[in-house]
Structures are given as C-alpha cells and as structure tokens.
Amino acid sequence: DQQVKQNSPSLSVQEGRISILNCDYTNSMFDYFLWYKKYPAEGPTFLISISSIKDKNEDGRFTVFLNKSAKHLSLHIVPSQPGDSAVYFCAATPRGGANNLFFGTGTRLTVIP
Amino acid sequence: NAGVTQTPKFRILKIGQSMTLQCTQDMNHNYMYWYRQDPGMGLKLIYYSVGAGITDKGEVPNGYNVSRSTTEDFPLRLELAAPSQTSVYFCASSLTPTSSGGTQYFGPGTRLLVL
Chain V
4 DQQVKQNSPS LSVQEGRISI LNCDYTNSMF DYFLWYKKYP AEGPTFLISI
54 SSIKDKNEDG RFTVFLNKSA KHLSLHIVPS QPGDSAVYFC AATPRGGANN
104 LFFGTGTRLT VIP
Chain Z
-16 NAGVTQTPKF RILKIGQSMT LQCTQDMNHN YMYWYRQDPG MGLKLIYYSV
34 GAGITDKGEV PNGYNVSRST TEDFPLRLEL AAPSQTSVYF CASSLTPTSS
84 GGTQYFGPGT RLLVL
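Chains V and Z, in that order, give the protein sequences. For the first sequence, position 43 matches number 46 in our numbering, and the numbering has no gaps at all. For the second sequence, position 86 matches number 69 in our numbering, and the numbering has no gaps at all.
Simulated from the structure, these hints should not be mistaken for lab results. Think of the CB as a built atom: it goes at the ideal place given N, C-alpha and C, for glycine as much as any other residue. Certain hints may be false.
Unchecked claim - Now the in silico label distances, taken between C-beta atoms and shown as ranges:
#1 V:D4 <-> Z:L98: 25 to 31 angstroms
#2 V:I21 <-> Z:G(-1): 50 to 56 angstroms
#3 Z:M24 <-> V:N60: 25 to 31 angstroms
#4 V:R98 <-> Z:G(-1): 37 to 43 angstroms
#5 Z:M2 <-> V:E61: 40 to 46 angstroms
#6 V:Q17 <-> Z:K(-3): 43 to 49 angstroms
#7 V:I115 <-> Z:Q0: 40 to 46 angstroms
#8 Z:Q5 <-> V:N10: 18 to 24 angstroms
#9 Z:F(-7) <-> V:K71: 38 to 44 angstroms
#10 V:Q17 <-> Z:A(-15): 23 to 29 angstroms
#11 Z:A65 <-> V:E61: 41 to 47 angstroms
#12 V:D62 <-> Z:A65: 40 to 46 angstroms
#13 Z:S52 <-> V:G63: 20 to 26 angstroms
#14 Z:R94 <-> V:N10: 24 to 30 angstroms
To be verified - Incomplete in silico selection of chain V near chain Z, CB under 7 angstroms:
#15 E45
#16 G46
#17 F49
#18 S72
#19 N103
#20 G107
Given the sequences, and given the hints that come with them, work out the whole structure.
In structure tokens:
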C-alpha cells in the first residue's frame, strides 16, 4: 500500500522556467515531509523539508508547499537549471517518534537547455 | 569526512547464498537505516538503529538481519538469498530522528542481483 504517491513519473521543463513536482499522501499521521534528489548511481540527497505546522518553506530556488486538507504537497523550482535534472522523491514520516520514512516512487525531472 | 560509505558497489549472488552488505558512517550519527529500492519504486525501510546495540524492524525486514556493535558500522545480512531480494540497497544515517527533523544522509548504494 503506497502511502506516498507521485503520480507523474517524468516531467520535462525548459531551462529558466518553473518546475512543479507533486506529491500526495494518504496517512493523516504524517507530520514531516521531505524532498530528496537523486542522481544516477548515487544515493538520495536531502533537498528541503516542511513540518505540518507550516504551509510553505523556501530555500533559494526551491519552495515546498503543503496543503494538509488535500493531503498534497508540491515542490517548486524557479528558475529551473540543467543541473536540476534528476529523480525527485517525496517522503513523509509520522509523528510519535517513529523512524519510518515513507517514500514516493519518484519523478524524473529533465531540464532542457 | 567521507560521510556514509557502502561496500560492495555491486554483487551477484546465487540463490541460497549469504552475504553481508557493509555500511560505515564517520559523522558520529546515532541513527542508521537500511533501505531497498526496487525498479520504479520508492525506497522502503528494512531495518533501523537508534544507537549501538539497538535495532528495530522497518517496513520490509523479512529475509534480512542487522547488528550494530559500534556507532560507525551497521551491516546488513542476507542469509538465504532469493531472487526477490534483487534490488539496490541504501544505507543512511542521521544525527537526530527523522520525525524530529533530522536529515538522513545516504550512501551511494549497493546493487545486488540474485540469480
């Protein structure tokens, strides 16, 4: 049962434009949400996170939005750069001290120069 | 500062063989994790540890064992390899629990093929 879903396997965007990656979740106990970026043959690297008490978190070109009522979050990358081409994973963890991090299936972003 | 290192990078096993995937971190992190990633899927937690001597099951622990005798090392043991264990295995560590905002740092992964 996939508790974190990324319904778009791939996304192509022109350099300089905005990239929007979407993620939906089903577990209302999820309290903390993260985005990881993964290049081929490497491990995932942390990108940005958001707590459930916030609805927006910004870090440079990256902004994550959380809509708790819709159980939906999105990652905005502005402006997109060719180096952003990678697979992006959405992940979530429940409150209560558990260490389980539930990952989505990933979205492959290609930024076209 | 090497971060999280994993060995080997790639291994082919025959059904029924056993092996240990090694993971070492040099960041003095208490929390360590093992994930597997099957093709087209997200990472799934196999086991985790909150400190030396303490381990617990994750989402998909069957067929695996772990131990944590030191802060630095967290090996993953496959006793009787099965084709269903063909996957890419990632080790990660964090200073604090993820549920408290701790960032997990991942190793480069071990690709395992069971034939």
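Please list, smallest to largest, the hint numbers that this structure does not respect. Of the numbered hints given earlier, those the structure breaks are 8, 10, 13, 18, listed in rising order.
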